[in-house]
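Spelled out, the chains give:
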Amino acid sequence: MQLSTRHLLGIKDLTAADISLILQTAEQFKEVLQRPVKKVPSLRDIVVVNLFFENSTRTRISFELAEKRLSADTVNFTASASSVSKGETLLDTVNNILSMKVDMVVMRHSASGAPHFLAKHIPAAIINAGDGINEHPTQGLLDALSIKEKLGGLEGKKVAIIGDIMHSRVAQSNIYLLKKMGAEVTVCGPPTLIPRHISEAFGINVSYDLKETLQWCDVANVLRIQLERQNQVLFSSLREYNLAYGISRKLLDGLHKEIVIMHPGPINRGVELDSDVADSKQSIILQQVENGVAVRMAVLYLLANRNN
Amino acid sequence: MKAILSGQQISITIKRLANQILENETDTSGTVIIGLQPRGVFLSDRIVAAMHSEFPGIGITYGKLDITFYRDDVRKELHIANQTDIPFSIEGKRVVLIDDVLYKGRTIRAALDALLAFGRPAKVELCVLIDRRYSREFPIQPNYVGKSIDSIVSQKVKVFWNDKDGKEEVALLEE
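For the protein sequence lines, the chains are D and P, in the order given.
First residue of the first sequence? That's 0 in numbering that gives the first Met the number 0, and the numbers climb one at a time after it.
First residue of the second sequence? That's 0 in numbering that gives the first Met the number 0, and the numbers climb one at a time after it.
Take these hints with a grain of salt, some might be off.
Okay, derived cross-link-like pairs now, DSSO-like style, lysine-lysine, Cα gap no bigger than 27 angstroms in a straight line [stated by the list, open to error]:
hint	chain 1	residue 1	chain 2	residue 2
1	D	K67	D	K37
2	D	K100	P	K75
3	D	K38	P	K75
These are computed hints drawn from the structure, not numbers from a lab.
Just chain P, with the same shape it has in the complex (with noise of 0.2 angstroms):
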C-alpha cells in the first residue's frame, strides 16, 4: 500500500477545488452540485462545506444522485441502490459531478444518463479527488482534478474518509 495523499493534502486540495469551481462563476444560483453516491458523496460534502466556510452566505444548491439502475453492467452483478436526493430543477443550470476516482469513466457515463431524467443542463463539469490517466474506457475527461495519477489494471486507488472509514488518506493498493 503506497499514499498517494496524506490527510492534510486532502484537505488543501478540497479548498482548491471548492475555489476553482467557484472561480469562474461568482454568481453561484445557476449552479448546482452533485455527488454521486456512495463514495464521491464523502468528497462532495467537504467541497460544499469548504465553499461555504471560504465564502460565508454563498448559496449552494446541492444534491445527490445514484447511479446504480443507469449502469451499463447491470446483468454481470447485482449492485444494491443508495439514495439519489435531487429535489430541484437542474434545467438550464450548469452542473459539477463530482466523485472521488474516475478511472474507466462508466460511472460518468451512466450519471450522464442519469441526469437527463432531471432536465437539460446548460452544460455539466466533472469534478474528482483522484484522476487514474490512460485508463479511460469513454471520451470524458474531469474539468477539476485533485491530483492525476499513472496506474496499472492490477492497482486499486482507495480514498479513506474520517466519517466513514476513521482516517482521512488516499492509497494505492497492489493486487
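Only chain D is shown next, with the shape it has when bound in the complex (with noise of 0.2 angstroms):
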C-alpha cells in the first residue's frame, strides 16, 4: 500500500484511500510527538528544501519541525533574501537548488499552479504548502485529522465553511477531501465572496445567511479575510462584515446546540471571530495547529518512499 501520486499538489489528485492512509499515519505520528524523545529515523537520509515564495509563520514552522522530527536534513529558502530579487526565475532557482542533491521540495507560492509546473521540470518531490488561490493541501489534510479526532470520523458529518471562500485555498482544499470523504459541506459569506457555480461544480451547499448555516452544521471552519489578495472592494468595511459574517458568542448562544469552531489562522480578531469565540472550548484551533506537525510527517514520510 502506498500513496497513488508522486506528489502533494492538491487534495484535488488525491483518492479516498490516499487521504486515508495519510490521517491514519499522521495519527501514528501524533503518538511519536508524545514521547520523551520525539524524534524518529526515518527521513535520515532525505534532503528537504522549504522554498517559501510567500510569507509564512504557521505553515513554515510545522513544515520545517516535521521535516526534523523524521531527521531530514532541511534547507530554508524565503523569496525576500535571494537571488530571486536579482531576476532569477523560478525554474533556475529550484534547479540550482536541486543540483545541491536535494530530495524534496516544500513549496509556498502566491500564484496558483506555480507547483504543478515545478512537478513537470523537475525530479525531486513537490509538496504545496499553499499556491495562490488554488490549494492548500496539508491544511486541508490537518483540517479533516481535528474533524475525524473531536467528532468520531467524517463520513456524513456537516461542515460548513465560512467566509471569503474566493481567495480561500484553504475551502478549495478542504472541499475537495470532505467531499471525497463523504462528509456535507456548505458554504457561507457575502455573495461577492462566494464564486458563481460553485455550488454545482462541487456538488456543495451555498448560504447567504449566517445563522441558518451555523444552525445546519456540526463543524464551521472559519475563514479569513484575506484582504492582500482583493483588489477591489467586496464588501464595505470589516466592521460591517463582522456584523453580517462575523461569529459571536452571542450567536452561538441562540444556536442551542454544541459547534466545533475551526480557524486555520492567522486570525482576524473581531472580523470573522471574535476573540471569545477564538478562546473558548468549543475552539480547536490550536489543536489543529498541533495536527498540523503530524499531518505534515506523514506526507514526507509516505512521499519520501514513493520518490525512491
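Combine both chains into one complex, guided by the hints.
Have a look at this one:
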C-alpha cells in the first residue's frame, strides 16, 4: 500500500484511499510527538528544501518541525533574501538548489499552479504548502484530522466553511477533501466572496445566511478575510463584515447546540471571529496547529518512500 | 504446510513463558512487558493474561511498540505503521520485549533503537514463541523461547491466533 501520487500538489489529485492512509499515518505520528524523545530516524537519508516565496509563520515552522522530527536535513529559502530579487526565474532557482542534491521540495508561492509547473520540470518530490488561491493540501488534511478526532469520523458530518471562499486555497482543499470522504459541505459568506457556480461545480450547498448555516452544521471552519488578495472592494467595511458574518458568542449561544469552531489562522480577531469564541472550549484552533505537524510528517514520510 | 505447535501446545508454552519471565524477579514493580506490533501483540496479550491468572493481583506494566519508523528497509517498501502505546517511562526498568517469531533479528534491532525514545532501561530481555535458529543477521539472542526450530530461507513460519485468524497453530510453510 502506498500513495497513488509522487507529489502532493493538491487534494484534487488524491484518492479517498490516499487520504485515509495519510490520516492513519498521521495518527501514529501524533503518538510519536507525545514521547520523551519526539524524533524518529525514518528520513535521515533525505534532504528537504523549504521554498517560501510568500510569507508564512505557522506552515513554515510546522513543516520544518515535521522534517526535523523525521531526522531529515533541511534547507530554508525565503524569496526576499534570495537571488529571486535579482531577477532569477523560478525554474532556475529550483534547479540550482536541486543540483546540490535535494530530494524533496516544500513550496509556497503566490501564483496558483506554481508547484504543478515545477513538478513537470524537476525530478524531486514536491509538496504544495499553498499556491495562490488554488490549494493548501496539508491544511485540508490537518483540518480533516482535527474533525475526525473531535467527531469520530468524516462521513456524513456537516461542515460549514464560512467567509472569503473566493480567495481561499484552504476552502478549496477542504471542499475537495470533505467531498471525497463523504462529508456534507455548505459554504457561507457574502455573495461577492463566493464564486458563482461553486455549488454545481463541487456538489456543495451555498448559503448567504450565517445563522441558518450555523444551525445546520456540526463544524464551522471560519476563514480569514484575505485583504492582501482582494484588489477591489468586495464588502463595505470590516465592521460591517463582522456584523453580518462575524461569529460572536451571542450568535453561538442562540443555536442551542454545541458546534465545533475551526480557523486556519492567522485570525483577524473581531472581524471573522470574536475573541471570546476563538478562545472558548468549542474552538479547536490550537489542536489544528498541533495536528499540522503530525499530518506533515505523514505526508513527508509517505512521499519519501514513493520517490525511491 | 507442516504444523510446529498445535493450539494446545501454544497454550502450555505461553504459561511456561509467563512463569519463566517472572521466575527470577517476583517483584514486578521493576518490570515492564512490551509487545511488538503487529503480531507480537497477540502473544504478549496472552502472556500478560497468563501472568494475571497464575498470580491474581499481580501488577504488570504492559505496553505495545510499533517499530515501523525505525526500520532499516524503509526505502525498500512502504510499511504501514501500527499503534504504539507506552504511556509510562522505561527509565531504569527491566524491559521484556515480546514477539512471535525471531528470524533475522532486524525487527529486534529496530525495537532496541525505538525503545530509547522512552528512557534508558536497566536491561532489555527478549521473549519469542518461535526462534528460527541459524538465520540471524545481527548478534541478537532471545532470553525466553517457546520453541527453537531449524528452517531454511525459502520457508516461512506463520503463527495463527484465534483472535485474528480463527485458529491457533504454528506452521512451517514451503514457498
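Outcome of the hint check:
no.	hint	verdict
1	K67(D) x K37(D)	10 angstroms, holds
2	K100(D) x K75(P)	20 angstroms, holds
3	K38(D) x K75(P)	21 angstroms, holds
Every hint, counting from the list given before, is met by this structure.
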